[in-house]
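Line by line, the protein sequences give chains H and R. Going by the working numbering, the residue at position 105 of the first sequence is 108; the numbering climbs one at a time, nothing skipped. Going by the working numbering, the residue at position 188 of the second sequence is 181; the numbering climbs one at a time, nothing skipped.
Check the hints yourself; a few may be wrong.
The calculated DSBU-like cross-link candidates involving lysine-lysine, where the alpha carbons are at most 35 Å apart (straight line), are [as the list claims (entries may be wrong)]:
{"id": "1", "chain 1": "R", "residue 1": "Lys273", "chain 2": "H", "residue 2": "Lys13"}
{"id": "2", "chain 1": "R", "residue 1": "Lys63", "chain 2": "H", "residue 2": "Lys668"}
{"id": "3", "chain 1": "R", "residue 1": "Lys317", "chain 2": "R", "residue 2": "Lys265"}
{"id": "4", "chain 1": "H", "residue 1": "Lys526", "chain 2": "H", "residue 2": "Lys295"}
{"id": "5", "chain 1": "H", "residue 1": "Lys649", "chain 2": "H", "residue 2": "Lys710"}
{"id": "6", "chain 1": "H", "residue 1": "Lys665", "chain 2": "R", "residue 2": "Lys(-1)"}
{"id": "7", "chain 1": "R", "residue 1": "Lys63", "chain 2": "H", "residue 2": "Lys505"}
Here are some chain H residues the structure puts well away from chain R; computed CB gaps all over 10 Å [said to hold, decoys possible]:
{"id": "8", "residue": "Gly91"}
{"id": "9", "residue": "Ser101"}
{"id": "10", "residue": "Leu196"}
{"id": "11", "residue": "Asn244"}
{"id": "12", "residue": "Ile261"}
{"id": "13", "residue": "Arg308"}
{"id": "14", "residue": "Glu328"}
{"id": "15", "residue": "Asn338"}
{"id": "16", "residue": "Phe524"}
{"id": "17", "residue": "Lys549"}
{"id": "18", "residue": "His639"}
{"id": "19", "residue": "His642"}
{"id": "20", "residue": "Leu707"}
{"id": "21", "residue": "Ile755"}
{"id": "22", "residue": "Asn779"}
Note that these hints are calculated values from the structure, not bench results. All C-beta atoms in this analysis are idealised placements derived from N, C-alpha and C, irrespective of residue type, glycine included.
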Amino acid sequence: MKISFNKIKKYLGETKVKPEELVKKIKLHLSDVESFEDYGKKYQDLIIGEIKEKEEHPNADKLGVYKVKIGEGKTVQVVAGDKELKVGDKVVYLPPKSKVPYNAYPERFDGIIQKTKIRGVQSDGMLASEKELGFSADHERVMTVQEDCKAGQDVATTLELNDHIIEIENKTLTIRPDTFGMIGIAREVSGFLDMPFKSPDWFLNPTKIKPKNIKKEHLPLKIVNKLRRLCPRYMAISMSNVKVQESPLWLKIFLSSIDIKPINNVVDITNYLMVITGQPLHAFDYDKLIAKDSHYKNKAVITIRTAKEGEKITTIDQKTRELNEKTVVICDSQNPIAIGGIMGGLETEIDENTKNIIIESANFNLYNIRKSSMSLGLVTDAVTRFSKGQDPNLCEPVLYKAVEMVKDLCNGKVASNIKDEHIELPKPHKLTFSLNYFQMHTGLNLSRPEIVKILSNVEIKEIKTNQKDLITLEIPTYRQDIKIPEDIHEEIARIYGYTKIKLVLPKREITSTPSNSLLDFEKKLRLSLKGLGANEFLTYNFVGEKLYKNYDIDIKNNYRLTNALSPELEYMRSTLIPSLLEKINPNINNYYNEFGIFEINKTHNKIDFSKQKKLPLEKKVLSMALTKDTDDIYYHIKHYMETLLKDLKSKDVDYELIYSAKTEKLPNHIKIILPMFDVSRAALISYTINKKKFYLGVIGELNLDVKSKLKLIQPVGVFEINVEKLKTISNYRVQRINFSKYPKITQDLCFILNKEVPYIALEKQIAKTLEKRDLNYIVKPVDIYQEKGAEEKKQITINITLQHKNKTLKDKDIKSIRDIIQKEVKKELDGELKN
Amino acid sequence: MKFSYKEITKIYEEFNKDIDSISSDDLKKKYLSKKGNLKDLLKKIGEQEKEDRAKFGKEVNILKNFIEEKVEILSSSLKPKFSKEQIDVTAPFEKNTPEDKKPKLLNKLGSTHPLTQELEKILEIFQKMGFQIEESRQIDDDYNMFQSLNFPIGHPARDNWDTFWTEENLVLPAHTSTMQNRILRKYEIPIRVVIPGRCFRNEATDASHEHTFYQIEGVYVDENISMSHMFGTIKAYLEAFFETELDIKSQPSYFPFTEPDAEFVISCPFCKKEGCSICKYTGWIEIMGCGMIHPHVLTEGGIDPKKYSGFAWGFGLDRLVMIKNGIDDIRKLHSGELEFLDQF
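Generate the whole structure from the sequences, applying the supplied hints.
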């Protein structure tokens, strides 16, 4: 919202406040300032010129050549694209080297005026059109200045252009309808300049300017309001004899300066009063309304009702809009002529032929305005104001002021009595608050008189009582936002200045704070994986149906957004893997050959739902993807998994080939991601506590179908595991403290086994055998070998390191251990020890 | 899979050989048709000794389900979806792998994400200041996101929070304040909790706007808590974070769930108010919104506003990380570019 510094200043008492200073104060006391413009700056070099002589251009039909007086004894020759100027006309002259305030052709003109020859005739400067000055869209004619002035005077002063425009951010003012008019802003400014504010007299006492009742209505008018809740007040009046034309220059300049396009005097008056007071107005063409009405021809009947489903209206922006049953429409006796509080209709628009008008000053329910505006996708200046909840009391002074201005600027005559349909109007309410509580709550030690002064400066008056600690106030009706004592605390603190609040740290008992163990664990995971050479990524929660199709994931289990930014960002993910894998190819293409990336984040699916909380469960998972130019990528990603587990001092986990695993009882999260894996080259990871099996996640390669759809440049191995479960098995392994002082013996053992026997079965079998004896031992894989032509068998070489806890192991001990291992492996796994 | 009966084991082994060599249609014919191998086995159930009959039948059924599932998988796509040969997933490396080709860790340093790095640092500061930590949700309901925070249904103030909605009318939190009501109910007074979390805002992405971002909420409730305490606490945290003394000022703001509300502004920690690109040559940086918790919000959280007062704040982590690291485009944080992330 843009405001004019000069206008604000007019409403204030005597003050020397500078624009820059005001901007700073607005930021500190009211709201953020989005932009600040020295509006007069671009008019600084412009001079009033007077046409002294006029000639035809010898080589161009449409150009005129003028001798222009630009000061005492100074005359220049200028060629202009307007032949209609007369001797004696005052114009705006742009001298050479000055800059055009609004450049209409930025692509072919740098905006700097040069001395030049136009079709062979010398031209020393330019005569400006309204468009070039930024006052209207008129580019056909050179603007003539009607104001009393002399050639050579500076334009900025003559036309009162030396203003500053401040753009205030709206967000902070969501519940401050009063600040959407410059009077309201001026009241605020007065407050923090510590000056008493007085609203304009017509604003406070509208009856003083109320049009007098007339005996005979020339333009009869009737209001039928069927919606007292959605339209609490509807005021209107008809006026005749209105001369619709361009607004006077001051009004055009004022509106242009705050980015409102001047249309004609009637519309400009409604817009002007809206930005001054915050009350949107609308004007209808009386005759068009009568002509349109199929029922009444001798009077205008305005009906306020909700739209019928599917009813349509063409609005003044020439768009036809379909309405719904909740939208308030302003109608003639039958059909819509405006969308209430949002936009007027094209059929009753004011144009240059309009003679008779109806001015509407109404109030609409903010919730309904917002809903209608959203369903229509239409936000207007009126919507912005009504959706803050305007005060119905405001309708009255603003309508009367509009009548006054239409009389003055459009020659209009009152042609009906004031019509006013309303429910009970808000009255100023009382609010009592405690001085002590205020001081405690804000930390400001303001005295009672100080507080009363701060508030009375912004027209919030004290009601005198005899209570010592309590202050009672009368809150004006336009301040519906002040409901409870805390609201008034803010008003006082804000106007007085937050910066004056002393900074103090709260006192607390010396206690240690429990930490969040899951977050601590995540930190540990991150640092561990970083140490292992992996990079942490953060990717979006949003995924698209197309992406998940590539992974054979059924998207129906994912939460779908109703207002997604794009189809690629339409669903909440149920796994992190696709999000991570999307990042693989781009990085390979950026010359990263081998890398591992991981993310720890939440996943959601519709199956894992807490019925009690009526919310989805949020499962935190750790996903990792590793890429390397190697065919055995499964073992590489597994190596990461194993090293991570080791670093976490985790309990051992089991790997189970998906192909031969039972998958019915898996956790939902794993079930959902399972289809993307290659059942022959991926495994379920599980652990067992008290004979109960828990699934941690999945590890391995993607199935051939998914791989080909993803067009991955090089092999990728992934895992995704449940973080909370991982936490339960970490820190599980106990450190050995007492080391044996006896020597260690190490030996390689090679076994021949059937190819189906998993490696781990052998390792566990050996460990089990050694466990029974009083030994420290380490079992390590050395080699797995399969001979060509003998694929039914495989040879596994294991290195064992043995150490007795209280003696030196001798050859015969080793031999007996070896024999036992041999026997057990034979018995349990049908394996042979190779000599 | 292991079976106790030779006949069953035989067919199981035969199937495992066939699955790699013959088409899914032929597998169906051979095992699952009326004249198929399994039919023969099913017939044999009746021929078993009484005590064996149930066990035998059970095993045949297990095999039948197994074969049906595998045939289904195979026939679901024309091209084979899965590798023919099954690897030993329990092994440490592929068979016949020479020593130098065995799996190794990457020969490079890894990295953690700048956002999580700073987050951890921030949480540590708050923990030292006596705050507990609770993580925010990523999908929530209207009550927690809006109603419990004094946003009536349909109120235009909701529009300042451009929220995403799911078909079920659940909401993706646009601020970590979505946890406030839970915090007020869960913790004992004095309440000192910090709530980090990922938030979402329905807005188009550009160099300074992201639909996905991180926020850190703080809630403090006790007897006689004032705005002085609020500003004092926030300043203490920020000075610890930036490791320098700061000038502060606070500007008005509006949140339905706090009253009074403020925007907290600090002197630029990088140029000491001289003016630099980070503070856009103003010398000041707007860092967070804060306010005294609205009495309605306290009441809704089961706390008597006549006895207790408190303050809350929320600030964006992403911007802080960008400021600290001189990152000029917020999209970099979620870009997944190793070239960028490897440096942290």
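ask   = Tell me, which hint numbers fail for this structure?
value = 4, 7, 18, 19, 20
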